[in-house]
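Order-wise, the sequence lines are chains A and B. Be aware that the first sequence starts at 1, since it is given in my numbering, and climbs by one per residue. Be aware that the second sequence starts at 1, since it is given in my numbering, and climbs by one per residue.
Hints are supplied without guarantee of correctness; some may be wrong.
The following label-pair restraints were derived from C-beta to C-beta distances [unchecked claim]:
hint : chain 1 : residue 1 : chain 2 : residue 2 : range
1    : B       : Met111    : A       : Met186    : 33 to 43 Å
2    : A       : Val196    : B       : Asn104    : 28 to 38 Å
3    : A       : Asp240    : B       : Ser141    : 20 to 30 Å
4    : A       : Lys63     : B       : Leu110    : 31 to 41 Å
Because the hints were derived from the structure by calculation, they are not lab data. Backbone N, C-alpha and C define an ideal beta-carbon position, used for all residues, glycine too.
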Amino acid sequence: MLPDITYRNKYDEIHRVNGTMINQNDANAELISSLGYKTVAVIHDTTDYGKGHNEYFSKALAKIGKTTIVGTFGVTADQQDFTAELTKIKALNPDVIYFGGLTPIGVRIRSQMDKLGIKSVFDGTSGIVSDAYIQGLGALAEGTLAFREGAPTEKLPGGKFFMEKYNAQKYDNPPEAYGAFAYAAMDMILDTIEKVGPDRAKVIAALGDVKNRDSIVGKITFDDHGQNTVPVITKYVVQDGKFVEWDESEYASGKRKLPGQK
Amino acid sequence: MDAGLFAQYVMNGLMLGMMYALVAVGFTLFFGVLDVIKFSHGDVLTVGAFTALASYVGLQAIGVRSSWLDLVIMIVLSMAAMALLGMAIARYLVMPLRSAPALNTLLITLMLGTVLRECVRLFYPQGANPKPFPALLPRGSIDFGVFNLRFDNVLMLTAGVLVIVGIQYLLNRTKLGLAIRAVAQDEETARTMGINFTVIVLITFAIGSGLAAFAGVMNGLYYNEINFGIGLYLGVIGFSAAIIGGLGSIYGAILGGFLFAGLQIVGTVLLPFASAYKDVFAFAVVIALMAWRPTGLIQEKISERV
Chain A
1 MLPDITYRNK
11 YDEIHRVNGT
21 MINQNDANAE
31 LISSLGYKTV
41 AVIHDTTDYG
51 KGHNEYFSKA
61 LAKIGKTTIV
71 GTFGVTADQQ
81 DFTAELTKIK
91 ALNPDVIYFG
101 GLTPIGVRIR
111 SQMDKLGIKS
121 VFDGTSGIVS
131 DAYIQGLGAL
141 AEGTLAFREG
151 APTEKLPGGK
161 FFMEKYNAQK
171 YDNPPEAYGA
181 FAYAAMDMIL
191 DTIEKVGPDR
201 AKVIAALGDV
211 KNRDSIVGKI
221 TFDDHGQNTV
231 PVITKYVVQD
241 GKFVEWDESE
251 YASGKRKLPG
261 QK
Chain B
1 MDAGLFAQYV
11 MNGLMLGMMY
21 ALVAVGFTLF
31 FGVLDVIKFS
41 HGDVLTVGAF
51 TALASYVGLQ
61 AIGVRSSWLD
71 LVIMIVLSMA
81 AMALLGMAIA
91 RYLVMPLRSA
101 PALNTLLITL
111 MLGTVLRECV
121 RLFYPQGANP
131 KPFPALLPRG
141 SIDFGVFNLR
151 FDNVLMLTAG
161 VLVIVGIQYL
171 LNRTKLGLAI
181 RAVAQDEETA
191 RTMGINFTVI
201 VLITFAIGSG
211 LAAFAGVMNG
221 LYYNEINFGI
231 GLYLGVIGFS
241 AAIIGGLGSI
251 YGAILGGFLF
261 AGLQIVGTVL
271 LPFASAYKDV
281 FAFAVVIALM
291 AWRPTGLIQE
301 KISERV
């Protein structure tokens, strides 16, 4: 969801069906601030993905102005040991640890947080919205926050259709966060090719003109940079071993509390 | 920095150093006895860790509930299995290539390491994802301010120390150890003394690979997680640690392991918000050390007489 992919240059061939991380981090910063947390430590991986999340989250948080970032730590995408970074973080004692990165290191960081006795809230991005995160952590995953562009797969207009067909194929891996979007993108390409013929220039021209096209993820409209403007961000919290929408969770209603939640 | 924070760093360093040292000792043993760099050592560690995990799953399936029994059986099984694997590697891959340049053996074992790693990834169910490793050690801990002293860490450190002391004892005080050291010094003379060269080599590989399995289980217990890539990382570090310590010397390997862990921790402390570069720092220091002392910090006591 790096905005640079569609926004840094104007390439006619590039189009993207799912949203960018700017909106995601705006929603993230808003939730953290509204829950009354005062300090955040940021851990992010050093790929463009992690660095992008760090950048946009920091900006969004600074704009709201209620929460400060006490430390930012870059880690490599295949790092095994986080005890050194987490020891420093423990000394800084933040309310929240924000993590910009993917599931494998998300799982490691969360479990090593527990080993060092760190009780902050673990707040992640769409990179950790996956079954593998919950399987990797078991009970430790409880109370993790995460955000994702678009609605959960079941709530998408074509979500049930997608899930039915996907499960019927009995693949090894679940569709995770972006399976439905990948399907919508491929579907659109195939449809366009069928309509205008296998001619590169015609396909590019047709894709450049997409407005309110129906798909299983809802209506798609590409802006002048080929970016689909999907403003819906879903907030998740892990409850009882599943990613549950924040607004429907017991954390939002007050029946359960995140560490330090007021 | 307050005492609690410092103590926490020291503890982290000790745990890391212990694991690196165990891998480094393996490398040193193989080099000492056969003058070969067995680069698949790190991946043998991975296979050992996964064997332990698989045996845990099996034990759970047949209904064993005691953590201690689980732990003992897992360690025994994975060490035995890896000892066999190590012996097979020695017998069929390393020994036939003894007359070839050492570089060939290094490359072949490197490739074997990749094969092992990819086999784990492909054949273990969902092998590409990190797998949770059961927490079988007692979970209590005492808090000294920022420093969180966990009982399982203390247990693992003690176990690691015992294993290393055990290896030292084996090498220096037993007949088997004497035979291993003899073979390491001079193959031909050892043979003429009546030592069965092949058996000793196989036993050395078995010991080294068993150590790797033990390190793999410790790794799993410490991080509560294993994945198919741990061997690659630990292998590179273990190898560097063995080199800076001095290939062929067990003390050197241990020193190298703890030194490397210390460097990583120092790197994190010195570069507070760029701790992704701690490995850059640690390896840079290793390069400097090697330039200063190419044969390692603790020189091998035997020199090659041409």
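Hint-by-hint comparison with the structure:
Restraint check, Met111/B to Met186/A: a C-beta distance of roughly 37 Å satisfies the suggested window 33 to 43 Å. Roughly 57 Å separates the CB atoms of Val196/A and Asn104/B, a value that falls outside the hinted 28 to 38 Å. Range check, Asp240/A to Ser141/B: Cβ separation about 26 Å, and the 20 to 30 Å hint holds. Take Lys63/A and Leu110/B: their Cβ atoms lie about 50 Å apart, and the range 31 to 41 Å is violated.
Going down the numbered hints, you'll see the structure goes against 2 and 4, while the others check out.
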